[in-house]
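Enquirer: Next come the chains, spelled out residue by residue.
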Amino acid sequence: MSGGVDSAVAAARAAEAGHDVTGIHLALSRNPASYRSGARGCCTIEDSNDARRAADVIGIPFYVWDLSDRFHEDVVEDFMDEYAAGRTPNPCLRCNEKIKFAAVLDRALALGFDAVATGHYAQLRPGDDGLVELHRAVDDGKDQSYVLGVLDQQQLRHSLFPLGDSPKRAVREEAARRGLLVADKPDSHDICFVANGDNAGWLAEKLGDRAPNHGGEIVDSASGEVLGRHEGTYGFTIGQRRGLRIGRPAPDGKPRFVLDIEPVSGTVTVGTREELAVDRITGLDPRWCGTVPTSLTGTVQLRAHGQEHRASVTVDDDEVAIELVDPAYGIAPGQAAVIYDGTRVVGSATISATSRVDVSP
Amino acid sequence: MTEPATVYLDHAATTPMLPVAVEAMTAHLRDVGNASSLHASGRRARRVVEESRETVARALGCRPGEVVFTSGGTEADNLAVKGIYWSRRDADPRRRRVLSTAVEHHAVLDPLDWLAEHEGAEVELLPVDERGRLLVEALRESIERDPGSVALVTVMWANNEVGTLQPVDEVVRVAAAYEIPVHTDAVQAVGTVPVDFAASGVDALTLTGHKLGGPYGVGALVLRRELSVTPLGHGGGQERDIRSGTLDTPGIAAFAAAVEAAVKAQPEHAERMQGLRDDLVRQVIEAVPEAHLHGPQLERAATDRLPGNAHLGFPGCEGDSLLMLLDAHGIECSTGSACSAGVPQPSHVLLAMGCDEEQSRHSLRFSVGHTSTQADIDAVVAAIVPVVERARAARR
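Just so you know, the sequences run in chain order A and B. Under this note's numbering, the residue at position 141 of the first sequence is numbered 141, and the numbers go up by one with no gaps. Under this note's numbering, the residue at position 115 of the second sequence is numbered 115, and the numbers go up by one with no gaps.
Simulated from the structure, these hints should not be mistaken for lab results. Think of the CB as a built atom: it goes at the ideal place given N, C-alpha and C, for glycine as much as any other residue. Treat the hints with care, as some may be off.
Chain A stretches covered by chain B per the calculated footprint, using a threshold of three residues with CB under 8 Å from any CB of chain B [as the list claims (entries may be wrong)]:
| id | segment |
| --- | --- |
| 1 | 58–70 |
| 2 | 154–160 |
Listed next, with one range per pair, are the computed distances between beta-carbon atoms [claimed, not checked]:
| id | chain 1 | residue 1 | chain 2 | residue 2 | range |
| --- | --- | --- | --- | --- | --- |
| 3 | A | 114 | B | 302 | 56 to 64 Å |
| 4 | B | 58 | A | 114 | 55 to 63 Å |
| 5 | A | 16 | B | 345 | 56 to 64 Å |
| 6 | B | 265 | A | 61 | 30 to 38 Å |
| 7 | B | 351 | A | 81 | 55 to 63 Å |
| 8 | A | 114 | B | 385 | 18 to 26 Å |
| 9 | B | 196 | A | 196 | 19 to 27 Å |
| 10 | B | 327 | A | 169 | 35 to 43 Å |
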């Protein structure tokens, strides 16, 4: 229970369904004030109090579990390493994989619980072969199956997502009806341990000596011309357009996007939107929700709240080759490619490389 | 609200109100009259307060004028620590050292930190032995290094976590030789061990209602008449001008009734609690052989330890898991450690006793009190083995 409206309603629904529910708030910050302050976010004293009050109203026991060390090791360190390597990680996936449905779930199972229920918008359905299937939520705008695409069958068997069949608006209304004071609390969108969504500022402060560089050149892909300088490659993401601070406009007057990040030399290559297009994606470290496929035709989602791309997927052991039907733009290594068959999540892989085969005239 | 099935073994956190206290409180809840008003209603309220003061004084072996009513233990500790420091420093600016122990309650430690940060105090937290008892020699050495610079000494009467009784008489002997005032936080002690203010020789003593069968939100600082204390808050000048604020007549009446009853019953009460506690410790250790008692061991417990306190370590378990699993069985105890934002921190008391961080997290404090029965102990013994097994599995 984060202290937000979704986990509060999820807990209430689970309790109402007859489960013996205990509320757990995760203390994820080593020093509750250090990562972030304010009403939104997951690590504040205020959020912990909101979660406690929600548990009171629902009438369930409530405890705070300190997972700050595990979170720092598995999520925050990973986040920094990935940026240092010029990739763009998704810490929410990592947290689900390593913390919520691993450290928390393991501890809960050992303590005699059967499952972890969260306020994620996703659906679990029984499959044909006795497996539990993970599906998109009915509310397209809120669907969070992407960040759950790292869960395997064992984890899914011990998961409950009580909100998957509801639109967000209904959840808020239900919270108000149940007397949960968090009904009006704003949604959190940013990374919970980064204050005010200032990724680059946070990384500049925290990476310190671990940053691969503290600056480098911004180079035009077509001309090879140096267009400007930057203060660290970790401030960039593939496909980024804002904040490049290139002094002069491109000769063709078109906007410039980040095409490539080279952490060792510190070079950031920029170019046109057309040059961002990719249709071949290689993914590593796949995680499968059920049976491991060899190949399939379906869709992939390449970032949180991103669109679906039609694709054919071939699996070769630990490597996943994705061929997109239509090119996608701004695909950043480090993000997850989550593979869907209709609304069903098949699995996911971490994007390691992208390319363009089919360059149309 | 405690449900009928609840096994309440957290009396050191708060203990149920005694019937005499409930009666005293309810008897005065409808009375009108500010104890500072001059009219008949005011005089009636004032009379209740002053009779209560006399009752508390009789029970504690002090003069009525030495009882300063407060909102509880934390306020009394703050008033003593800060008030005595300010007053002594103002009388002689060299007096900036405050000597205490590493195992005090946060109601003392945090004011000390504050004084160090904002008021130029030099705080020395003196070491304790492995049972949590102050090393008096360390105090003596510290004082004798420069007696003229010591503003005050504050040493708790009994530790709230592990139940260790502190050598307050020896502390007083050492400090009195240099006329250094001594404060003691006796919140855990009054009503459970004999406490006599005058005989103890301390200059200031903290007690609070809800630890001895009185209401929440009322306590007292017993303050030797001759000792000058700078007030924390300023206002109407109640309580010798030391503690302003309208007096809580029903609360004070209930507090006094509880103090009187608790102190009167103390010898039998202590004997009964000690019997239950000893049984709990023996049976739990018999059921879980790796478990061990922190603080003074049972053979010395009669003289060295609070009678109701059983602070047990369960190697390989998280205290939090144990607490949660017992809670699910209706058994209520404590990890004994302080929380910030509900995040359990390793206990500073156990760390000071030489435990490592791991050991300081694997503990539970059971504290028996006036409503405890053999059935409560039996319930713990019946539940403890599977609970420890589960908690151990959750650690892996």
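Enquirer: Just tell me: holds or violated, for the beta carbon distance of residue 58 of chain B and residue 114 of chain A against 55 to 63 Å?
Expert: At 58 Å between Cβs, range holds.
Enquirer: Would you say the segment 154–160 of chain A counts as covered by chain B, given the rule of at least 3 residues with C-beta under 8 Å?
Expert: violated (count 0)
Enquirer: Is it true that residue 114 of chain A and residue 302 of chain B lie within 56 to 64 Å of each other by Cβ?
Expert: Taking Cβ atoms as reference, residue 114 of chain A and residue 302 of chain B lie about 47 Å apart, which means the hint is violated.
Enquirer: Do the beta carbons of residue 16 of chain A and residue 345 of chain B sit within 56 to 64 Å of each other?
Expert: 35 Å, violated
Enquirer: Okay, residue 265 of chain B versus residue 61 of chain A on CB: inside 30 to 38 Å?
Expert: Holds - the Cβ-Cβ distance for residue 265 of chain B and residue 61 of chain A, about 34 Å, lies within 30 to 38 Å.
Enquirer: Under a C-beta cut-off of less than 8 Å, do 3 or more residues of the segment 58–70 of chain A approach chain B closely enough to confirm the stated coverage?
Expert: Our answer is that it holds, as 6 residues pass the Cβ test (under 8 Å) against chain B, meeting three.
Enquirer: Using the Cβ atoms, figure out if residue 327 of chain B sits within 35 to 43 Å of residue 169 of chain A.
Expert: 36 Å, holds
Enquirer: State, for the Cβ atoms of residue 196 of chain B and residue 196 of chain A, whether the hinted interval 19 to 27 Å holds or is violated.
Expert: The hinted range 19 to 27 Å is violated for residue 196 of chain B and residue 196 of chain A, with Cβ atoms some 58 Å apart.
Enquirer: Should the hint that residue 114 of chain A and residue 385 of chain B are 18 to 26 Å apart at their CB atoms be regarded as holding?
Expert: With Cβ atoms ~22 Å apart, the hint holds.
Enquirer: When you take the CB atoms of residue 351 of chain B and residue 81 of chain A, is the distance between them in 55 to 63 Å?
Expert: At 32 Å between Cβs, range violated.
The structure is inconsistent with the numbered hints 2, 3, 5, 7 and 9, although it conforms to all the rest.
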